[in-house]
Structures are given as C-alpha cells and as structure tokens.
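Asker: Chains A and B supply the protein sequences, listed in that same order.
With the UniProt record's numbering applied, the first sequence corresponds to residues 1 to 814, in that order.
With the UniProt record's numbering applied, the second sequence corresponds to residues 1 to 112, in that order.
Don't read these hints as lab results, they were simulated from the structure.
Do not rely on the hints blindly, as some may be mistaken.
[Unchecked claim] Straight-line Cα separation of at most 30 Å, DSS-like style, residue types lysine-lysine; simulated pairs:
#: 1; chain 1: B; residue 1: Lys92; chain 2: A; residue 2: Lys256
#: 2; chain 1: A; residue 1: Lys670; chain 2: A; residue 2: Lys575
#: 3; chain 1: B; residue 1: Lys92; chain 2: A; residue 2: Lys317
#: 4; chain 1: A; residue 1: Lys586; chain 2: A; residue 2: Lys810
#: 5; chain 1: A; residue 1: Lys89; chain 2: A; residue 2: Lys300
#: 6; chain 1: B; residue 1: Lys48; chain 2: A; residue 2: Lys543
#: 7; chain 1: A; residue 1: Lys749; chain 2: A; residue 2: Lys670
#: 8; chain 1: A; residue 1: Lys483; chain 2: B; residue 2: Lys48
#: 9; chain 1: A; residue 1: Lys483; chain 2: A; residue 2: Lys514
#: 10; chain 1: A; residue 1: Lys630; chain 2: B; residue 2: Lys48
#: 11; chain 1: A; residue 1: Lys593; chain 2: B; residue 2: Lys48
#: 12; chain 1: A; residue 1: Lys588; chain 2: B; residue 2: Lys48
#: 13; chain 1: B; residue 1: Lys92; chain 2: A; residue 2: Lys245
#: 14; chain 1: A; residue 1: Lys209; chain 2: A; residue 2: Lys245
#: 15; chain 1: B; residue 1: Lys92; chain 2: A; residue 2: Lys319
#: 16; chain 1: B; residue 1: Lys48; chain 2: A; residue 2: Lys670
#: 17; chain 1: A; residue 1: Lys557; chain 2: A; residue 2: Lys593
#: 18; chain 1: A; residue 1: Lys630; chain 2: A; residue 2: Lys588
#: 19; chain 1: A; residue 1: Lys557; chain 2: B; residue 2: Lys48
#: 20; chain 1: A; residue 1: Lys209; chain 2: B; residue 2: Lys92
#: 21; chain 1: B; residue 1: Lys48; chain 2: A; residue 2: Lys810
#: 22; chain 1: A; residue 1: Lys198; chain 2: A; residue 2: Lys209
#: 23; chain 1: A; residue 1: Lys380; chain 2: B; residue 2: Lys92
#: 24; chain 1: B; residue 1: Lys48; chain 2: A; residue 2: Lys606
#: 25; chain 1: B; residue 1: Lys92; chain 2: A; residue 2: Lys359
Note that the structure is a prediction, hence the values are computed from the model and not measured.
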Amino acid sequence: MTQKLIIIGAGMATGRALEQLIEADPNAYDVTLFNAEPRGNYNRIMLSPVLSGEKTYEEIVTHSAEWYEENGVTCRFGERVANVDRARKVVIAENGEELPYDKLMFGTGSNPFIIPMLGHDLEGVIAYRDLEDTELMMSMNETNKVVVIGGGLLGLEAAAGMAARGVDVTVVHIMGHLMERQLDEAAGYLLRKALVDKGITVRCQANSKQILGENGKVRALQLDDGTELPCDLLVMAVGIRPNVKLAQDIGLAVGKGIHVDDQMLTSDADILAVGECVEHDGAIFGLVAPLYDQAKVAAKTLLDEPATFVQREISTKLKVTGCDLFSAGDFAEGEDREDIVFRDPARGVYRRLVLQSNKVIGAVMYGDTADSNWFFGLIKDATDVSDMRDTLIFGPAYQGGTPMDPLAAVAALPDDAEICGCNGISKGQIIAAINGGADTLDAVKATSKAGSSCGSCVGLVTQVLGLTLGDEFKMPEKETICKCSDLSHDDVRKLIIAKELKSIPHVMQDLDWKSPGGCHVCRPALNYYLVCAWPGEEVDDGKSRFINERVHANIQKDGTYSVVPRMLGGITTPKELRAIADVADKFKVPTVKVTGGQRIDLLGVKKEDLPAIWYDLGEAGMMSGQAYAKGLRTVKTCVGTDHCRFGTQDSTGLGIKIESEMWGAWSPHKFKLAVTGCPRNCAEATCKDLGIICVDSGYQILVGGAAGLDLLEAQLLVTVPTEEEAIEVSCAFYQLYREGAQYLHRPYKWIAKVGLDWVKEQVADDLENRAALAERFRYSQKFYQVDPWAERARKGVDSHEFTPLADFTKVAAE
Amino acid sequence: MTDFIDIGSVTDIPVQGARIVRTAHGDIAVFHTASGHFYAVDEYLEGKAGPLSNGIQHGEKVTDPMRNWVFDLATGEAQGADEGCVGTYEMKVEDGRLLLSSAAIAGQVAAE
Ligand code: SRM
Ligand SMILES: Cc1cc2nc3c(=O)[nH]c(=O)nc-3n(C[C@H](O)[C@H](O)[C@H](O)COP(=O)(O)OP(=O)(O)OC[C@H]3O[C@@H](n4cnc5c(N)ncnc54)[C@H](O)[C@@H]3O)c2cc1C
Ligand code: SF4
Ligand code: FES
Chain A
1 MTQKLIIIGA
11 GMATGRALEQ
21 LIEADPNAYD
31 VTLFNAEPRG
41 NYNRIMLSPV
51 LSGEKTYEEI
61 VTHSAEWYEE
71 NGVTCRFGER
81 VANVDRARKV
91 VIAENGEELP
101 YDKLMFGTGS
111 NPFIIPMLGH
121 DLEGVIAYRD
131 LEDTELMMSM
141 NETNKVVVIG
151 GGLLGLEAAA
161 GMAARGVDVT
171 VVHIMGHLME
181 RQLDEAAGYL
191 LRKALVDKGI
201 TVRCQANSKQ
211 ILGENGKVRA
221 LQLDDGTELP
231 CDLLVMAVGI
241 RPNVKLAQDI
251 GLAVGKGIHV
261 DDQMLTSDAD
271 ILAVGECVEH
281 DGAIFGLVAP
291 LYDQAKVAAK
301 TLLDEPATFV
311 QREISTKLKV
321 TGCDLFSAGD
331 FAEGEDREDI
341 VFRDPARGVY
351 RRLVLQSNKV
361 IGAVMYGDTA
371 DSNWFFGLIK
381 DATDVSDMRD
391 TLIFGPAYQG
401 GTPMDPLAAV
411 AALPDDAEIC
421 GCNGISKGQI
431 IAAINGGADT
441 LDAVKATSKA
451 GSSCGSCVGL
461 VTQVLGLTLG
471 DEFKMPEKET
481 ICKCSDLSHD
491 DVRKLIIAKE
501 LKSIPHVMQD
511 LDWKSPGGCH
521 VCRPALNYYL
531 VCAWPGEEVD
541 DGKSRFINER
551 VHANIQKDGT
561 YSVVPRMLGG
571 ITTPKELRAI
581 ADVADKFKVP
591 TVKVTGGQRI
601 DLLGVKKEDL
611 PAIWYDLGEA
621 GMMSGQAYAK
631 GLRTVKTCVG
641 TDHCRFGTQD
651 STGLGIKIES
661 EMWGAWSPHK
671 FKLAVTGCPR
681 NCAEATCKDL
691 GIICVDSGYQ
701 ILVGGAAGLD
711 LLEAQLLVTV
721 PTEEEAIEVS
731 CAFYQLYREG
741 AQYLHRPYKW
751 IAKVGLDWVK
761 EQVADDLENR
771 AALAERFRYS
781 QKFYQVDPWA
791 ERARKGVDSH
801 EFTPLADFTK
811 VAAE
Chain B
1 MTDFIDIGSV
11 TDIPVQGARI
21 VRTAHGDIAV
31 FHTASGHFYA
41 VDEYLEGKAG
51 PLSNGIQHGE
61 KVTDPMRNWV
71 FDLATGEAQG
81 ADEGCVGTYE
91 MKVEDGRLLL
101 SSAAIAGQVA
111 AE
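The shape of chain A in the complex, shown without the other chains:
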C-alpha cells in the first residue's frame, strides 16, 4: 500500500525534496502539501528581480498547478497545519480536519525578525519575505518615501528594487558599514558609493529608536539621536529566525532550529525536516545551496536509501543590478592568515583573498565577479595554491601571467590632473614632454619644469615616465609610506588632491592599498593629509589618531592623563591661576608642574575626570594647550619692551598675537615658536621651528631650529619691518610646511629635503604666493580653531571616550 506523506510548507526546500522523491519513485508516497501562503512553490530568491521590475511573478513560479496535478500532489494552499498528534500520527489542519500520515516532513522556513520597538505593529511596517511583502513595496512610486532597516543582503535588494521604481529610499543600518557579515570595510565603501549613485540614502551606525505613526499607520522612523525619517512604508530586513513554533509545540527536539541528524530525521523517526527551519550540528541556514543538499538527502531517507547531509562552504551574491558582489568563506583576519588585496581604482574593482596554510579560505569580490566560481572552487576543494600565489588574485586567466601593477593609481589619473603643484604641470603635459623625447627624470624637469622646484612630485613624475615608456624605463627604488602601499608620502598627498579623495577607505581603494584597512603607521598619516587637504569638510577620523589627539590630553605611563591649559605667550592671570589651583584641589591632581613651554601642567588626571576638569577650566576662560598635538604647541616669549631695558619691540604682545592666530592648527608634527625681544634670546627663539628675534629695524624670522632629538640652529628666512608682516610670514611658512612636509617630519627635516632657498622663494620673495599661503592658512583655521574641550566638556562630544561602557565592579563574582 502506498504510504502517506504530509509536507508542512511548500517552500524551496520541500519543493526540491518533492522533485527528487517523485523522480526517484513517483509511486512511493501519496503526498499532501500544506502551505500557509495561498500558493505553491516559487523561487523566493527571485522576489528581488520581481520587485525591481526585471521579472514577473509568473516567471518565478517553480511548481505550477499543472505540475502538482500531474504528479498527484494534493495541495492545501492557504492552509496552515495547526497541530500534529504524534501518538496517533495525524496532522490537524486549521479547520480541525485530521489527516493520518506515515511520514511527516517539516519545511516551515523561517520568520523574519521584527524588532519589537515601539510602533512595530503599525500598518505599513513590513518584512521582506513573501509575495505579499513584495507587492506592497511594488505599490510605492515617485511620490513615496520608504525606510529600510537593515543593510544586509535582503535590505539592500529591497532598497535597490524600490529605488529602481523612483521611490525615495533610505537604508538605516546599525553597523559601521553595509553587509558587514560578508564585506570588509573597503568593499562596503564601494557598495555604499554604488547605492548612493542609485539615489539611495545610506545611514550607517544608526540605531532605530521607535516607529512613529498617525491614525494607526506608519509616519516616520525615529533614530536614537532624535532624527526623524518620514516614510509611507517601513521595511525591516534585520534577520530571520527558524520557524519552529509548531515543532516545539508537539515536543520535537528544538534548539535554534528543529534538530535533525545527518539523514534529516528529527527526534521523531517518522518526522523529517528540511530548509531554514532546521538546525544541523549547531548550524542554521539562510541560503538555498545547503537546503538543496538537505532536500536530496531527505528524499533518499524517505525511500529508505542511505544518504548523509554534509555542510559545505556557501557563497553569497547580491542581486542588485550594477553592484556585482560576491563573497564566500571566512575572511576575518587572524595571525596565521594572510591577505591578498587587489584594487583597480579605474574600474572600481576590489578583490580580497584570505589564505591560511596555502589554501584560500575566504574571498570577497566587488565590481568584477567573473572569476568568483573559480575562487569558490579553490575554497571548496581546499586547493593548495602555493604555486600560483603571486598571480592568484588575478584569477584563472592570468595563471603564469602578468604580476601586480604598482602604477595602477597613477595610471588611473586623468590627463588634466595636476602632478606638479609648484609649476602647475598636469599629467598630460608631462606625457607630452616624454613623447617629445624627454626620457629621463632630468630631461622631464628641464623641458616641462615638473619636479624642478620643491621636488615633492618627483615620485609621481617618475611613475608617469614608467607608465609612458614601459619597459624602457627603470623605476628607482623609493621609500613608501609603509608596507601597506607602494607609494611615498609625497605621492599619496598629491594623489589625494588630484583625485579629490576624501576619506581613508576612499584613499585606500583608489590608491591601491595592499592591506585591507591600513596600519597604525599609515592611518594617522592619511588622516592628517586629508585634514590638511580638505578644511571645512568632514574628513577627520578620530579613530585614526593617536590616543592623545583623540582624547585631547597626554597619556601617562600609568594610563592617567595630563592637562595643559593654553597660556598665550606665557602670560597668565591671577584668575587663571586660581582656577588651576581649584581644579588641582577638586580633582586631587597629584602633580602641578611648570613646563619647559611656559605654562602649567596638571599631571595624573583620571580619564573620566577630563571633561569635568575642563568644564571648570573653561569657566575661567581657559582652553586646551594642545600639548599633545601634532599641531601648534607653544609660543614662548620674553618680557620685551614692556619691562626689559634691552627690549626693542613688544615681543610678548607679538607672541600672543601669533599664538591667537595659530592655535588649533594641525600639522605634520608639532610646531613650536618663540619671540624674543632682542638678540640676547631669552625665549630661545634660535632653536625653534619658527623663531622671531626682534631688532631695532624690525623682525628677523628664523626657521628650522630644533632642540629635541636633534640640536639645530634656526636659519634666517627673512627680516621684515612690521608686526603685520611678521605674522603674515609666520602663517605662510606654517602653511607651506603643513601642505608639503611628510607626516612626522619636523620643519627642519622638511627644509633639508626641499631646501631653504626654495622656502625663501615661496614665502620671502614671492609676495603673492606668501599672501595666498597665509590666506589658505586662515581659511583652514576657520574650521580647526575650535577649542576641543569646549565641545567635550559642554556639548558631550565623544563622551563615549570618557565613560566606561558598563561597570560591574559592584557585582559580586559568581
């Protein structure tokens, strides 16, 4: 007699199992198929193309009414199985009808997770799981706004599908970058860019607080920070949970999913389960490939044939037109793991392979996924790749072919990109010079002038030579910024400007960084270069700064911090001194010291106390002395004409003016000044980065002094007759240094590279250039001259830096 098989759920997994079963033995079972959805099995995966309009629902139906009929499957669609009596082996339908079974198969799939925040039950709050959800989204048009919570696969497909219909879509994602489970930061950055180009608004690190409604219908999503995002429809795509309710109710063994063994049998030998509702060996499933394997095994088990389900590697592709993205395997970094990264800035291509013991264990690809199957094969087969290690990343076509191209970033530059700032020479002009016969660096310098001034563009000029001449030209060795890049500091700075790069991931992608996220050497350097290049734009990344600059205090050997308020020109007042004395008492500061920079240091302050101590100091009108900054430190002065019998000018007053104008600026390294009233030099101006010696006839400006690791006497830059000019020259010189020096080079190191004569030309001789430099400095100061402590002590900026996440010190250990 034919046995009775009842299947709960007509989804992708049970559909495949049915096909396998019928193909192997069409007469083995009399099948009844229940499905809560009012339809049979369709290709759920293809709902996204249906949403975007690339396909119709009819095209994605897997099993039609005819198919079920031909194969003798009794369909009960739109009917939910309400209960199962395992003792009597009957299934109870919603209408109370009882149907006996010999074998029962669960394929109940999963339920989308709905965040139980306020307003989640309003009309217009949906998930993305079935045709009904898809149809609701398809009803949106140009006049509608939709918010999608969740920047994973599903959320982005929903967003892109609606954006394709002209809907104003905002994606709200809690994590720092999109699809963080599949992608690393750089690929996430490329993806974000592509979605923004499609008109989608993307908000990362955004925590949803509640859903606001009106007359029972969704009106807006409110974020933690109070922002309201108005919407007519809100789609939650934040994950799925195996649908185990029924299985649990009838007493099957259930963990995260319905427990199954290698034969897909549940804890009841007459009941099988397949698909997203199962848990096998601790794992649950969310993609179809493993479900199809399960289906195959389940069909065999039903036919009493031996079969074993084995978990395999799975891969993901994003089904958004124009965003080719593939990811497979494991790509967390680890000590015994090695990364190979390939970026093609011109084509927006990113590839990353993670290797462990000469095997590929993870792969991420963006932009060009043509070779994804080949890489996926290497992962699945655990192929030993030692022999093709060098060209592996280029894919199968290049095996034994061309090596990596270190010139990619320069190759991608347009012809009109400026390479030599000093002489205003573009890449195209350099190529023209080379094509005109200039085949050495010197010849290019002579004919085009590129590289003939400060020399900082020489690296790039050389690369243009290499690109234009090919093998005929031998590239000289050069010092790179760090092991993450083939470019020098100068190259990177110039390319940031030429290509208008405005974030660290942007720089890393477009300049072909070899590591996935940089290192502690390049990250702070890049951050400074961006801060300097784009004042007024939000490019600063605190996380790429050394702790002192991040929390605006100097870390001490015991993890406490020191606090140094600014005292312009070394001048203070009784009020300031009282405020310092008061905070020292109030916060039990262990040491109060006069520094070598003419101001007072409070040492040994607890990190948590920093905002409070600065609040009090701020009340007394004091601001951060930035004793921690790669930026303007101190302007030491002597007493000058006010009190000294030798004084020639108001050195104290000039020092205060200069410090007032310059404080807050960031630079490649610290920058210290002194103004001294006569050549007796009581303020030690002759060993400063910039020193001014007042003389009867005016002001001698000296630069490039040092009294730290190296001891160097400052050199005369220029003598000017007025205070105004002294200030102008100081600002111009500082700006020239800010724009040109490599990160962590004090002015004397940079001057040694570019030559004092060139510096003199720029700020002493060329008055127009001097004015332009000073103007750029002042423009930049509009944005950077903010007291960091005013923001932190009063406005709660970065408060997470100063408060613990949680405190369990009072919780007794268990």
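Got chain A; can you put chain B with the ligands on it based on the hints?
Answerer: Same frame as chain A, now just chain B with the ligands:
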C-alpha cells in the same frame, strides 16, 4: 553553556572605537572593528602594555599606545617580535545588543 550579560548597544561603540567594561578583576576593553566584529580583551598586559582601549585599531588588531605592541584581538597574542598575550573573553551580538560572557565579569579568561 556560557551565560551572557547585556553590556550595551552596538552603536555605543563607534566603528574602530573601543570602550571599557569595569569589573572587580580589572578593566576589559571591548573593541568594535572596521569589519563589524566585537572583541573583549584585557585592558592591560600587566607591566607590559595597555591601556589597550586607547590604541589605534587596524584590521582585527590594535596597537598599544605605550610601546606600539600590536595585539591580535581574536587571540590576544602580541604580534611580531613581542611576546605576551592578553586574556580574551567570549562576546556575541544579538539583535543589536552586545553580550559579554558572564565568565568575563567573574574574571575567568575564555578557554582556548
Ligand atoms: C611637559 C613637557 C616637559 C616639562 O615638564 O616641561 C614635555 C613633555 C613631553 N614631551 Fe617634550 N615636553 C615639553 C617641552 C619640550 C621641549 C622644550 C620646548 O618646547 O621649549 C622640547 C625641545 C624643543 C623641541 O621640541 O625642539 C621637547 C622635546 C620633545 C621631543 C623631541 C621632539 C623632536 O622632534 O626632537 C619629544 C618626542 C616627540 O615629540 O616625538 C617630546 C615628547 C614629550 C612627551 C609628549 C612624551 C610622550 O610622547 O608622551 C612628554 C609628555 C609627558 C607627559 O606625560 O605629559 N618632547 N619637549 C614640556 C611641555 C611644553 C608645553 O608646555 O607644551
Ligand atoms: C527576497 C529574498 C531574496 C533571497 N535571495 C537569496 C539568494 O540570493 N540566495 C540564496 O541562497 N537565498 C536567498 N534567499 C533565501 C531563500 O529564499 C531561503 O533560504 C529559502 O527560500 C528557504 O527555503 P525553505 O523551504 O526553508 O523556506 P520557505 O521558502 O520560506 O518556505 C516555507 C513555507 O512554509 C510555509 N509554512 C510555515 N509554517 C507553516 C505551517 N504551519 N503550515 C503550512 N505552511 C507553513 C510558509 O508559508 C512558507 O511558504 C532570499 C530570500 C528572500 C526572502
Ligand atoms: S631677549 Fe632681550 S628683550 Fe627679551 S628679556 Fe632677554 S634681554 Fe630682554
Ligand atoms: S610640486 Fe613639483 S616641484 Fe614642487
């Protein structure tokens, strides 16, 4: 089975940022890396490195602010020429919440 304690939301720690969790046995630094992973490790390697939550992160590593030692956040191992290991603790993320193993709060380092 490990018990977990809710210590906050994933947005409480900025990407590539870190914050500390105070326990009776000393501070634990919780890191949020650029790849979206969270790690909990000891704030100090006694007498050698720390406070690690103050370091610069890159990939799944952090550079100690004091002596530039680089630690792997997953294993706690010092990288390169330096030798040492900070304790690591089990963590997980569920529905946007950060969960730290209660063993960490009781001062028990995760078993390797
Ligand atoms: C507080 C102070 C010493 C004092 O008690 O007087 C000081 C303290 C530190 N100095 Fe200094 N320097 C101090 C004046 C100086 C001076 C004298 C001056 O500015 O007139 C010099 C020599 C002049 C010069 O810079 O050319 C000086 C040359 C250095 C150097 C070597 C710099 C160089 O390029 O050669 C370093 C190391 C570095 O920057 O990499 C350094 C680094 C440091 C650090 C930040 C060490 C560190 O990286 O953690 C010290 C912080 C200690 C702490 O825990 O707070 N300090 N340091 C002085 C603060 C002045 C201020 O008010 O801001
Ligand atoms: C929009 C979208 C895009 C996707 N894209 C991809 C992709 O690109 N690649 C990929 O691999 N995967 C993708 N997936 C995931 C894939 O669709 C699922 O993994 C797969 O459909 C799960 O199959 P299943 O049979 O376990 O469950 P389902 O297909 O969900 O079927 C379960 C069925 O059981 C029914 N049911 C539940 N309880 C009962 C009950 N008590 N009585 C009767 N019926 C019940 C449900 O109504 C449902 O129809 C995507 C999913 C969605 C929603
Ligand atoms: S530098 Fe000259 S003016 Fe200034 S205090 Fe010394 S002696 Fe007086
Ligand atoms: S930028 Fe080319 S010589 Fe200065």
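Asker: Please work out if Lys483/A and Lys514/A have their alpha carbons no farther apart than 30 Å.
Answerer: holds (8 Å)
Asker: Given the hinted pair Lys48/B and Lys543/A, is their alpha-carbon gap at most 30 Å?
Answerer: holds (23 Å)
Asker: For the pair supplied as a hint, Lys209/A and Lys92/B, is the alpha-carbon distance within the 30 Å limit?
Answerer: holds (21 Å)
Asker: Within a Cα-Cα threshold of 30 Å, do Lys630/A and Lys588/A meet the stated pairing?
Answerer: holds (29 Å)
Asker: Holds or violated: are the alpha carbons of Lys670/A and Lys575/A at most 30 Å from each other?
Answerer: holds (29 Å)
Asker: When you check the alpha-carbon spacing of Lys593/A and Lys48/B, does it fall within 30 Å?
Answerer: holds (27 Å)
Asker: Between Lys48/B and Lys670/A, does the CA-CA distance stay at or below 30 Å?
Answerer: OK: Lys48/B and Lys670/A at ~27 Å, within 30 Å.
Asker: Going straight from one Cα to the other, do Lys92/B and Lys245/A come out at no more than 30 Å?
Answerer: Measuring from Cα to Cα gives roughly 25 Å; hence the hint holds.
Asker: Does Lys300/A lie within 30 Å of Lys89/A when you go C-alpha to C-alpha?
Answerer: Distance of about 21 Å is within 30 Å: holds.
Asker: Assess, step by step, whether the Cα of Lys92/B is no farther than 30 Å from the Cα of Lys319/A, and give holds or violated.
Answerer: Given pair Lys92/B, Lys319/A holds - Cα atoms ~29 Å apart, limit 30 Å.
Asker: Just to be careful, I want the Cα atoms of Lys209/A and Lys245/A compared with a cutoff of 30 Å; is the pair within it?
Answerer: holds (28 Å)
Asker: Going straight from one Cα to the other, do Lys380/A and Lys92/B come out at no more than 30 Å?
Answerer: holds (27 Å)
Hint check: no violations occur; every hint is consistent with the structure.
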